[in-house]
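Listed below are the residues making up each chain.
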Amino acid sequence: MRHSSLLLAGALAILAIPAAADTPQFDLTIKDHRFEPETLVVPAGTKIKLSISNLDPTPEEFESHELNREKIVPGGKMAIVFIGPLEAGEYRYYGEFNQDTAQGRIVAE
Amino acid sequence: MLGSSIIVFREVLEAALIVTIVLAATRGVRLRGFWVGGGLVAGILGAVLVAFSTDAISSMMEGLGQEIFNAAVLVAAVLMLAWHNIWMSAHGRELATRMKSIGLGVGAGELPMFALTSAVTLAVLREGSEVVLFLNGMAMSGESTAALIGGAALGVAGGGAVGVAMYFGLLRVPLRYFFQVTGWMILLLAAGLGASAAGFLEQAGVLPALDPMLWDSSWLLSERSLAGQLAHTLVGYQARPSGIAVFAWILTFGTILVLMKTISTGKANRAARPVDDTPVTENS
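Same order as they appear, the protein sequences are chains D and F.
The working numbering applies: residue 1 is where the first sequence begins, and numbers increase by one.
The working numbering applies: residue 110 is where the second sequence begins, and numbers increase by one.
Calculated directly from the structure, the hints in this document are not laboratory data.
Glycine included, every Cβ here is placed at the ideal spot set by N, Cα and C.
One thing to keep in mind: the hints can contain errors.
Said to hold, decoys possible - Derived list of chain F stretches under chain D, where covered just means 3 residues or more per stretch with a C-beta under 8 Å from a C-beta of chain D:
1. 166-176
2. 235-244
3. 319-330
4. 348-361
Stated by the list, open to error - Only pairs whose alpha carbons sit at most 25 Å apart, straight line, appear in this in silico SDA-like list of lysine to any residue:
5. D:K47 - F:L297
6. D:K77 - F:V241
7. D:K47 - F:S326
8. D:K47 - F:S327
9. D:K77 - F:S250
10. D:K31 - D:Q99
11. D:K49 - D:D27
12. D:K77 - F:E171
13. D:K77 - F:S327
14. F:K370 - F:L297
15. D:K31 - F:L111
16. D:K31 - D:L55
17. D:K31 - D:G45
18. D:K77 - F:V315
What the hints assert, rightly or not - Ranges of calculated distance between the beta carbons of each label pair, as one might list FRET restraints:
19. D:P57 - F:I359: 35 to 45 Å
20. D:T23 - F:S253: 41 to 51 Å
21. D:G76 - F:A185: 22 to 32 Å
22. F:G112 - D:A88: 29 to 39 Å
23. F:G375 - D:P43: 34 to 44 Å
24. F:S250 - D:P43: 50 to 60 Å
25. D:Q103 - F:I177: 25 to 35 Å
26. F:V290 - D:V41: 44 to 54 Å
27. F:V290 - D:V107: 25 to 35 Å
28. D:R92 - F:L368: 35 to 45 Å
29. F:S327 - D:L55: 29 to 39 Å
30. D:A44 - F:S327: 31 to 41 Å
31. D:D27 - F:A274: 27 to 37 Å
32. D:L55 - F:A185: 52 to 62 Å
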């Protein structure tokens, strides 16, 4: 019985390690208070690593109700946001600090 | 100017509602204005500090510093609110009796003012830091200072007005039920904060989502609407909650409620049980 508890502990330990290595990465850029690309296509059903680079000098807040995410990206810096696994569909996001121009969508298919 | 006022309004609203609930829950406590006022000032100073430390916080913990920081602030607020409610369950009855007999004016030391004041500070710190960052960014972009100050003032006034309206609405609740109502409001507030904390930890990959979107009720009540924002702050409503957020809401709500009931029942039982005064001797 000692072997099975060791096996269980090992299995739990493996589950605890985040599978960051296999997560596909996609890049978003903020420039002149706009997101580029404004439409980003990602695979559905898998966790995604979004890398958001803010090329503007001022901070922006990446926010999405549909993705349940909010993160401030300081000026000139980069931030990582994990999203998904997503069902196929369109998910809008915006830059809270510049909503007239900073709008975009992520399309999962 | 209108755009910036709306953003400021949304952040101020969340903090204003928490201030309102705290002020209502501490009704009758002497000098509670100074306590809450102090909490507000500390929160504003903290917000400026956090805003200017955003770079450092963001780079901490391999880029997850923001999420961890937000979650920590939220959890701390949950603990403060929980402690208040549990404390009131233990002492509430004595207080109510005393308040009725000596009239309103219980000394501030009687209630866990520090806990509630801390909750106010944490709320203002969290929301305020976003306001500071936003306004600072706008100023750097060359927005006119007058427009920014005007927009911010409008937003603060609007958020404050909603808070004041809610306070006077609460005052209409009969005194008999008043503190029960504020107790429930704090409980719901805490559950909502717990759900938000779980959301940030899920965003950081520290907690599993369980389900990225358990339901979508945005057609019914959108978080972008005023009613939706009120629901979000007051009861932790989310239009598209993840599984872990719902789980955290239930866990927070249930844990605090159980602790509140257990402690007040325990005290009632001890009061009801007659004390056995029979002396114990060697031969009995």
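### Message
Hint check: K31 of chain D vs G45 of chain D, CA-CA at most 25 Å. Holds or violated?
### Response
violated (29 Å)
#### Entry: Hint consistency between K77 of chain D and V241 of chain F [alpha-carbon to alpha-carbon, up to 25 Å]
holds (18 Å)
#### Entry: Distance restraint hint 50 to 60 Å, applied to the beta-carbon atoms of S250 of chain F and P43 of chain D
violated (36 Å)
### Query
Taking only the CA atoms, is the gap from K47 of chain D to S327 of chain F under or equal to 25 Å?
Answer holds: K47 of chain D to S327 of chain F is near 23 Å, not above 25 Å.
#### Entry: Satisfaction of hint between L297 of chain F and K47 of chain D, Cα-Cα up to 25 Å
With Cα atoms ~31 Å apart, K47 of chain D and L297 of chain F exceed 25 Å; violated.
### Task
For the pair we were handed, K77 of chain D and S327 of chain F, check the Cα-Cα distance against 25 Å.
Outside the cut-off at roughly 32 Å; violated.
### Message
Between the beta carbons of G112 of chain F and A88 of chain D, is the distance compatible with 29 to 39 Å?
### Response
Hint holds: Cβ distance 33 Å, inside 29 to 39 Å.
### Message
Check whether the Cα positions of K31 of chain D and L111 of chain F lie no farther apart than 25 Å.
### Response
holds (23 Å)
### Task
Count residues of the region 348-361 of chain F with a Cβ under 8 Å from any Cβ of chain D, then say if the count reaches three.
Held - the region 348-361 of chain F has 5 residues with a Cβ nearer than 8 Å to chain D, which meets the minimum of three.
### Query
Is it true that Q103 of chain D and I177 of chain F lie within 25 to 35 Å of each other by Cβ?
holds (28 Å)
### Task
Could you tell me whether the CB distance from G76 of chain D to A185 of chain F stays inside 22 to 32 Å?
holds (30 Å)
### Task
Quick one: see if chain D covers the region 235-244 of chain F, three-plus residues with Cβ-Cβ under 8 Å.
holds (count 3)
Consistency note: the structure conflicts with the earlier hints numbered 5, 13, 17, 23, 24, 27, 30, 31, 32.
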